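Asks: Given next are the chains, with one letter for each unit.
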Amino acid sequence: MGLGKALALKGLTLIIVLISVLLFTVLIIGASGLSDRILNSIMNEELRGIRQKLTTQIRDPEELNKAIERIRQDLVKAYGLDKPWYARIPNMILRIVTLDLGSAREVQTFTGSNKISDIIIERIPNTILLMTSALIINFILGLLIGPRVALKHGTRIDRATSLYSAISYALPTWWLGMLMILFFSFQLRIFPFGGMYSAPPHEDPFMRFLDLLWHVMLPLITLVLALSGSWIYITRSIVLSVAQEDFVNVARVKGIPEDLVRRRYIVRVAAPPILTNIVLGLAGSIAGAILTEIVFDWPGMGTLYYKAVMSVDESLILALTYIFTLIYVLARFILEILYVVLDPRVRL
Amino acid sequence: MSFIRESFSEFWASNISKIGILFLTVLVIVSIYTVVTLPLDFGVRYWYNPLYWVDYPKTAQPEWINIFLSEKLMSHAELSVSKASGIKTYNNRFIKYYNVSYNHEYNQFPKFITLRISNLLFHNRDSPPIVRFYVTRPDGKTVELYTLAIETPSNNVIPPFKYFSIEPKRILLSGDMYLARSLIGFLYREFNISLGISSILEIGNERIIFGYISGKNTFTPLTGRYVFSTVLVCSDVNDNIGMVNVVLGGYVYGLMGTDVLGRDLSQGLLFGFPVALIIGIGTSLLTTVIGAGLGIISGYIGGRIDDFIQRFADTINNIPLLPLLILLSFIFGGKLWLIILVLVFFNWPSLTIIVRSMVLSAKTSQFIEAAVAIGASRLRVMVKHIFPQVAPFVFAQMIFFTPYAILAEAALSFLGLGDVTMPTWGQILEYGFKNGAVFLGYWWWILPPGLFIVYSAITFVFIALGMEPVVNPRLRRWK
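Chains as they are written, first to last, in this note's numbering: chain U, 1 to 348; chain A, 1 to 479.
Because the hints were derived from the structure by calculation, they are not lab data. Possibly wrong hints are sitting among the right ones.
Straight-line distance between alpha carbons at most 20 Å, and here's what the computed SDA-like set of lysine to any residue pairs gives [to be verified]: (1) A:K434 / U:R59; (2) A:K18 / U:S162; (3) A:K18 / U:R156; (4) U:K10 / A:Q310; (5) U:K10 / A:F308; (6) A:K434 / U:P299; (7) A:K434 / U:S185; (8) U:K10 / A:S14; (9) U:K152 / A:S14; (10) A:K335 / U:V312; (11) U:K10 / A:I316; (12) A:K18 / U:R159; (13) A:K434 / U:S311; (14) A:K18 / U:D158; (15) A:K169 / A:Y97; (16) U:K10 / A:I353; (17) A:K434 / U:L182; (18) U:K307 / A:G436; (19) A:K335 / U:V309; (20) A:K434 / U:E106; (21) U:K10 / A:D307.
Some chain U residues near chain A, calculated using beta-carbon distances under 7 Å [to be verified]: (22) L171; (23) P172; (24) M178; (25) I286; (26) F324.
No experiment lies behind these values; they were computed from the predicted model shown. Think of the CB as a built atom: it goes at the ideal place given N, C-alpha and C, for glycine as much as any other residue.
Kindly produce the complete structure, drawing on both the sequences and the hints.
Replies: See the structure below:
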């Protein structure tokens, strides 16, 4: 009962977050006239389809125009374009949630569809592949190195780690990516300039996989180099503050083996706050992923974002904002579950 | 006051704080220098005005690269002359010479050659002057470059007539048909070679002027002293030319090189310093004031206000910033103040939440109870007694937040959503990336802006690290 209730509460908060982001977005695009433009373009697209169908049935151009004008007025009413923007809020939210936002202006899927929902569904796995692998590596590095360094507080290794964290915090991931390309792809020519597969892709699935590994290497190294520093630093600081607690000293004085003290008395206690900080760092790694994808032309949602901005594609930008928020909220929810599992106090 | 002095000596004890303060001093000095030397509308007036950069070499490397090269690359050269070096009379006409010499010592041809003439002054309406341009090469041969006939002024203008005073007359000699025709004669006369106009344009005018023939249709750079002379043929002794410029496009330019439009990167990079400082400090100051203020109110007053602030903060704190920042800048256009406001709006909550919890524990201490007991107002308690308790932490957070704001603006600029009225490091990188600088190896366009971003961000990270033992006294024991 306790566990379920705690999780339900967290879930509720995150759903409220999602709804308020949606409301906020819709208010902004409504007040700025953006929603009119989006709906108009969806409607015109539909109208074009109808016109094509009708030209085969109605020969007289005047009559055709009249018929289309009638249909257009119907559509205006159906889309609610005759009403002010605030009357359309529920409808617009529904459209965003179901990704029913018409077609993208310039971007297409590999199969040639330019429906926004198709494009996004095709891109999501690529982003998740890159982001989660980077996240997992950073997580492991943080947990492996952070506590070790914390227990050697003040030594040279500790100071070197702090310096590395400081640099990695100040380092824009995307710029590091550019340097990596400049050095490894342009100068040494050992890694590809970008993309996910060579063109044309290999037929053999195993070769395809190797090709993917070769392409993912540089963006992955970039993400790890740029983000691992802050992860290590966070774990280090938290473990450090736990290690100075009195109960740790008591345990040592009691003669409990150092190894056991570390595992049971320090790391176990430090785990929940570490997780909280990782949750907070998630937003940062999403941002890092967007920009890293752009630099490496990784066919995920970050690159899609860039192309949407470049081609001034309002609907696509709106859809991506929603999807990124959704991914973020879902990832947080998963981590919250982990948190509840790790920290028994939450369940009380 | 001894508390502050003690904190400062604690802060100053570590080397990392000293480096941080040193870096910050440099940052501030460079920013002040930039604001004093460059005009405030530098972005609109120069940086985003391609016409201003037309005579600069495109994608030229920095000049100091020559130190590392065995074969030196040609420096960009702009020669100018404003005084006539000689005057002759001939058939009632005056002939003035404006000579300027250039020593070519590189094994390359200039990328392009441009002549520029400004402030031409003449007095006789009926016979406007004629300007002829020549170059005498190291081998003694002379090439006629261009003849500029000045049109007769209209009747309603009163003498003296001043031409090219607002906008100088620009003559691009590379690819010029008139010069190509004159070069046919030059090659035939001096080297006894006959080439058609199309092959001359294919080889390039600047290669023939700056080279000697070394094979079939191939030219090799001719080193030595070139004298460019401008000849003014006029009918009044007071007619003159204000200034003649000869621009020889080079392969290296200035301290930082140029971009694909020929913009001098050192100027754009310099302008990035004050902009980064304003973004960083402005955002963190506002965020801290709002975040700490609301945190203190929320913690001390409690009740419904506390609930409301905490729910609100919790919601905003859960929103991923970058996607919304992209959306907002896209809709409202990238304006600097807007970017700052959005960053503030999405970042105050985390501080509020922490400060509140600190205030909750400080609230129960006896000296607060004492202050309340002797009738101190709520405001007084919050300002005089609660705030000093959280001040060191809040100050450290403010410094730690500064690099975040600098990096966020750079990221937004890199997405093409920056403020286009001023150059920033992020925008320089964006333009470089869009023009394939990474794939073409234009390292001088990619490295410095990023290094400056890292430099300005790490300055504040170092200071924040140095403050850690001040804020968290438990760390002091270990020293």
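Asks: Now look at each hint and say whether the structure bears it out.
Replies: Here's how the hints hold up against the structure:
1. A:K434 / U:R59: Given that 20 Å is the threshold and the Cα spacing comes to 49 Å, the pair is violated.
2. A:K18 / U:S162: holds, 16 Å
3. A:K18 / U:R156: The given pair, whose Cα atoms are some 18 Å apart, holds under the 20 Å limit.
4. U:K10 / A:Q310: Between K10 of chain U and Q310 of chain A the Cα gap is close to 15 Å, so the pair holds against 20 Å.
5. U:K10 / A:F308: Judged against 20 Å, a Cα distance of about 18 Å means the pair holds.
6. A:K434 / U:P299: holds, 17 Å
7. A:K434 / U:S185: holds, 17 Å
8. U:K10 / A:S14: Outside the cut-off at roughly 42 Å; violated.
9. U:K152 / A:S14: Distance ~18 Å between K152 of chain U and S14 of chain A Cα, so the pair holds.
10. A:K335 / U:V312: Distance ~17 Å between K335 of chain A and V312 of chain U Cα, so the pair holds.
11. U:K10 / A:I316: Distance ~15 Å between K10 of chain U and I316 of chain A Cα, so the pair holds.
12. A:K18 / U:R159: holds, 15 Å
13. A:K434 / U:S311: holds, 14 Å
14. A:K18 / U:D158: holds, 19 Å
15. A:K169 / A:Y97: holds, 18 Å
16. U:K10 / A:I353: holds, 17 Å
17. A:K434 / U:L182: It holds: about 14 Å lies between the C-alpha atoms, which stays within 20 Å.
18. U:K307 / A:G436: With a Cα-Cα distance of about 16 Å, the restraint between K307 of chain U and G436 of chain A holds, given a limit of 20 Å.
19. A:K335 / U:V309: holds, 16 Å
20. A:K434 / U:E106: holds, 17 Å
21. U:K10 / A:D307: holds, 17 Å
22. L171: holds, 6 Å
23. P172: Given a least distance of 6 Å, the restraint on P172 of chain U holds.
24. M178: This hint holds: M178 of chain U lies near chain A, its Cβ roughly 5 Å from the closest one there, short of 7 Å.
25. I286: holds, 5 Å
26. F324: Hint on F324 of chain U: holds, closest Cβ of chain A at ~4 Å, below 7 Å.
The structure does not agree with the numbered hints 1, 8 stated previously, though it agrees with the rest.
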